[in-house]
Each structure stands twice: as structure tokens, then as C-alpha cells.
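Given only the sequences and the hints, what does the whole structure look like? Please build it.
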Amino acid sequence: MKKSARALAALLVSGLALTACSSGGSGSGGSGSDAAAPAASALDQASGVTTVEFWHSMTGKNAEALTALVDAFNAAHRGKIEVKPVFQGSYDDLVAKYKASVQQKATPALVQVYDIGTRFMIDSGQTVPAQAFADRDGYPLDDLQPNIRNYYSVGGRLASMPFNSSVPLLYLNTDAFAEAGLDPAKPPATLAELGDLARKLTKKDGSGQTVRYGFGAAVYGWFVEELLAESGSLYCDADNGRTGKASKVAFDSAKGAEIVQWWADLVKGGYAANTGWQTTDAQAAFKAGTVAMHLESTGVLRGYTEAAKFTVGTAPFPRTAAGDQGGPVIGGASLWISGPGHSAAQQRAAWELEKFLTAPDQQAAWHTGTGYFPVNTKALDVAADQQWVAKYPQFKTAIDQMAATKPTPATAGCLLGVMPQARKGVETAVEQTVSGAKSAQQALADAAKELQPAIDAYNSAVG
Amino acid sequence: MPTAPPPAARPRRLGEHGLAWAFLLPSVVVLVLFVAYPLGRTLYLSAHANDLFGAPSRYVGWKHYADLLASAEFRDTLLTTALFVLFTVVPGVLGALALVLLLENRIRGVRLLRSAFALPFAFSVASASVVFSVFYNPASGVLNGLLSRLHLGPVGWLTDSRYALLSVAAATVWMNLGYNVLVLSAGIGSIPDEITEAARLDGASGLRLARSVTVPLLGPSLFFLVVVSTVNALQSFGQIHVLTRGGPDGATRTLVYSVYQKAFAYGSSDFGTASAQAVVLLVVVLACTALQFGVLERKVHYA
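So the sequence lines, in the order shown, correspond to chains C and E.
Start counting the first sequence at 1; every next residue gets the next number (the UniProt record's numbering).
Start counting the second sequence at 1; every next residue gets the next number (the UniProt record's numbering).
Simulated from the structure, these hints should not be mistaken for lab results.
Honestly, I wouldn't trust all of these hints.
Claimed, not checked - With a Cα cut of at most 16 Å, we get these calculated EDC-like pairs of lysine to aspartate or glutamate:
1) C:K449 with E:D67
2) C:K449 with E:E73
3) C:K268 with C:D196
4) C:K200 with C:D183
5) C:K203 with C:E179
6) C:K355 with C:E179
7) C:K355 with C:D135
8) C:K204 with C:D239
9) C:K105 with E:D51
Given below as C-alpha cells:
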């Protein structure tokens, strides 16, 4: 506290964020919550226009929606704040560039980082937690969707401001259900049921060619993470990295093997299409009707209903077994405010933008413009949002699913410095199991073993 | 002039040297900036561990190299790289040679065909790779569409670890074909007409002419192509990045792609390991080129 108070005084006097503050954020290895947020007066006292460089990874419709929101913000703060959004490529590319910017001491004032980069951003010591701003202003965070808030919180303190959140769903081709004499109103609730239905929904033509697979999803580690969370299992130790720093992964469990083996068996049996790592390929297969059941995030719902020549149905993400007590983990990205190297006014301006972007009206516009799940629960009460949900009633599934999910360490998801590599390791394990090179248990055990040096190196680098 | 005093010669020579250096300076600067410095930096990074942001943190000596030697994953990477070179250089050079020899026949529209075969040269790797990803697409791809017409099962061109490397290699062969055809066409064009005519007068034609006259005289072009194609194959990146990202299960993870993955992909910034791999790549390229010059070039007949 003393250190932060002193740092604060320095900030107020000089109006500059001293790089020395970073020692407070990174040294403790905690949530970085001891980094201080400057007072609101910093912005009021700033002369001229405070510019905020904002790095993001949004493309297409999402980028348009983001630009519209930022333009509205700039218009409302003309002469005072100017936010400059800069597209930096994919989430992975952005993190690589962000690391370079840290080395060059030229970080952007605000940066959008994917969910699995959360631990890294905390450990970077470059950011001021959203909680610090909220505490200083007495700004309530209660409107944030509890599970989304849970993901970006460590020790109950919000590290970054959630912005674009996705929720996984089970998508159904209801026409295929009807054709197979099945009721799409009774979607599969467990993996076993999903497997049974996949067998019934797989259709072959006269020559034995498969014209429709019962199931199909991209080889995307996120889905395995979701299923583990549904089962209430942890993905890494230390309560998914929530009560301390995770030191090893836990996905190489019997449950993990059960999930991966289930997936591989469906592919090997000819009941699931293997379209590889490209999510767009798996999406194309579902839209073309060659896959009857499919895992994807809410973000693609609108595209599906517009492109598909059949009625698109949605169901809650499946559980691994009937007694599962968990629920899905949210995905997407959050916004981080840079501390070191940025003036107090810049930090405050970035915080103003965060509050603006997550307010009900903006989140309603963002949700309806992109399909991301609103991070602010009040956004669902906005008239425009309710009209959208009425138009795409399939989205109701996601709302209900999120409301029914209790925030626990399992449903918070794993915080791990090398989480992107962990996800990649699981994807390789799925590929190995599908090809028959290894059993699921062996493939996951090997993935965990190969990942261990990276986890150790990361943790020792953080110190 | 012959009576000019000797001391005057010195400044003149210096002036000449100075002029030579002035002319050389731009290329020396470029070489130092873009070759020597990065190489030195790579060596330096390969001997250091990294902090969270990829900056060198402490000296570790040969550790990264020792880790690579002990790594099964790295041995797989080297094997994949060797296979990729084999699958791209051999069909790429032989295919272009066959096409160029066939084009020697005076058939109608040969100019059009020659342009057509040289056309892949005009495509960038990225755009050609995107086109191939459409061909190979598991669900809506052209190739599986054709196969299903023949009532043959869908093939996981890029999603099955048995076929992925071959599929990427096939795409690469096509991409390189244009350049290879151009080089060999130029080579054939430079063969003196009198030699070919003399051979024809002696009754040689078709395969016999190709085997005994054209191909041996194409030696320098073929040798050049083999060396350049090998280096190109060792450095291929774009098609792997667009088509497979090194997967599935590492089936298309070549040395260059592995360097990229360690340094930049999946939030990794292990520049130490990546740099060590880059040094290994440099050694492999040098060794291949030296070997080719040592073994192949002896057999090349320079007309």
C-alpha cells in the first residue's frame, strides 16, 4: 500500500506514469492488483487532446462495429480524448507484437488480448488492473455477467475489462433431425447421447459415400476446455490458476482422455467429419449441411442463419455425463490498460473508453452487431437487443446457459502463462488420437509432459 | 608520362581503392545490416534464455543446441524437412524438364503452352496457397468433389497426417513449376542449333536426342535448378502457414516453420530455441549446397 501510495503521489505531481511502478505489478506474482490507478482529476487537468492508441484484433463486421463505437466515443470527447484503433492481426500476432513493444518501451495505451493471454498480461507487469480504477472511482462492476467477470478475475479482483465474450453452443441442423425422424426439440445433453444421435444422423448414399456426418467440429482445443469445465474438472492445478500460479496442467486426466477418445472414436467410426484445425472449414461443412451437429461459439450464429438453407437450431453445450455439475467457460478477449510509460491522463482516458464500451447501450450495439455475448447483463434489457434476440431466438440458449452456470474455479477456466501452447498441445493430442497414432490417455499424457518445460521456464522467468 | 615521379602513383592507387570502396559501400552496408548483423544476433540469441517478452535474459551457452539434439520433436522436424525437400525438388525439376522437352516438339500452340506452364511464376505463394486450400478443403474441396464422382472416399488431404506433407509438397511443386520451366526453356534456347542439327543429321530424335544431347547440354541449368530448389524448399514457409500450420500432429512442421512456431506462434517467444534452430537451418543449407557443388557439379558439362 505504501509503495502504491508513493507511486500515486509521483503520478499526481508529474502527471507521468513512472516506469518504476512496474516493479509493484510484476514482483509480487499475484494479480498485479497493487498497481495503482490514477485519479480522475488527471484527465481533467490534462491540457490538449489525450491520445489513446488502442490495439485490437477485430476484422470484418466486428471491426466495423468496433470502429463505430470508438467513433462515437471520440465524438463525445472531442477536444479532450482521441482513441486511435490499430488493427494488429490475429490474437497471436497481436501478442507477439505486444511483446516487442514492451521490449522497445512503446506499448499501446490500451490493448485487446485474448482470454488465454490473461495470465501473461498480469505477469507482464505492464498493466493497471481494471479493479484498481473501479476501486478508486467507486465504480460498480456488478452489472458484469458473473461468469465473464469470474474469468478475468484473480483473487476476486478484476484484472482486465471484458469486452468481447463468446459462449460455446451446440448447433443443430433441424432439417436433418426431421429427416432422420428425430426431434430437434430434444437435443443431446451428454456426449453419449450426442454420439448415439451422430450415428443416427449420419447418412450414406447408394455407393456407400457419406453425404452427411452426424457430428463435426474444428480440431480446436477450446472445445476440450469447455467439455472439461462442463464436467467440473480443472484444466490446470492451483484451482485452475485462480488461487495461485498454476505449475502443471491437469487435462491429462481420465476425464480428459474420455472426452478426446469420444471425439476420435466418432471420427474413426465415420460418424464425425474431421475438417482439421481451420474453424472456417468446420463452419463451412455445417452451413453446407454435410454436418448435422456442430460445436461453435455464439459469434457465428447470425452468419449461420443467413447462409444455411436449413433451420439452424441451438442447444446448450453438451455435458460429458448426466451428473456433471460444471458449465461452459467463456472465450473471447478483454481490454488491458497500460501503466508504465503512459501518462495518468492516458490511463484515465483508456479507462473512460473501457467504461463506455461495456455500458449497456454499447454492449447491446456490440452484441447485435457481432454476435458476441454481452458482458453487461443490463445490455439484454435494451430494446434493440431484445429485438435482436427475438429475431435470432437461438441466442436465448446462450443466455439461459450462462445464467445457469455457477461461477466456480472449473467454469472460470484455467489461467496459465503458456495457455496458448497448452491448447495447441491438446489439439495435437486430438490429432494423434484421431489418426490412431496414440490412445487418448497416452496422447494427453505426452502433451502434458512436453508442455512442462515451457510452464517451468515461464514460471521461473516470472520469478 | 613515363617520367612521372613514383610518389604520385600512391595517391592514385589510393584514389582507385577509394572509388572501389565507394561503389562497394551500398552493398556492404546492405549486407552488414541485413545479413551480418541478423546472423550475429541469431548466434547471440541462441546462447541466451529469454524473459517473458523474448528479450535475452541470461547466458546459457550451448544449452539450446543440446536440448535440440535430445529432442524427439526436433528429430521429427529434421526428417520432415528432408522429406519435404525430396518431395519438392525431385518432381519439381524432373517435371519441368519433361515439360520443356515435350515443348521442343513443333506442335501448334506451343508458345501458348510455354506461357501457360510458366504462369505459376506469376502467383505469389500466399495467393496460390489459398487457391490450393480451396482444392484441398475437406468438405467442399474440388479434389474430394472429383473423387466422390468416382465413388471414392473423401481424402483428408491436409487433415490426415499421412497425406498432409505430400499435399503441401504437391502445391509447392506447382508453385515452383513456372520458374523451373523458365530456367530450363532459357537453357534449351542457349544450346547451339548446330549441335542439335548435327545430331538430327546423324539420325537422333525424340528420346535419343534428349538423352544424349539436350539433357547433358542442359546440365548447367539443371544443376542451378537443383541447388536453388533445394534452398527454396528448405526455406518454404507461406504454403505451410496457409495450408496446415505445421500440422496435423506436426506432419508438415519443417525447420523453418518450427523456428516460426518457437519464436512467434501460440504466444511463445522462445527466441533462444528458435535461434538455435535457425542456426541449424543455416548449417543444413550450407551443407546441402556444398554437397551439391562437390558431387553434382563435377558431372555438369559446361558447353
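Okay, the hints, checked on the actual structure:
Between the alpha carbons of C:K449 and E:D67 the distance comes to roughly 15 Å, so the proposed pair stays at or under 16 Å and holds. Our distance criterion of 16 Å between C-alpha atoms is met by C:K449 and E:E73, whose separation comes to about 13 Å. Under the criterion of a C-alpha separation no larger than 16 Å, the hint pairing C:K268 with C:D196 is consistent with the structure, at around 15 Å. Restraint check for C:K200 and C:D183: the C-alpha separation of about 12 Å stays at or below 16 Å, so the hint holds.
Distance hint between C:K203 and C:E179 is fulfilled; the C-alpha atoms sit about 10 Å from each other, no more than 16 Å. Distance restraint check for C:K355 and C:E179: the Cα-Cα separation of roughly 48 Å exceeds the 16 Å cut-off, and the hinted pair is therefore not satisfied. Distance restraint check for C:K355 and C:D135: the Cα-Cα separation of roughly 13 Å lies within the 16 Å cut-off, and the hinted pair is therefore satisfied. The straight-line distance between the Cα atoms of C:K204 and C:D239 is roughly 45 Å, outside the 16 Å bound, and the hint therefore fails.
For a cut-off of 16 Å, the pair hint linking C:K105 to E:D51 stands: about 15 Å separates their Cα positions.
Consistency with the previously given hints fails for numbers 6, 8, ordered from lowest to highest.
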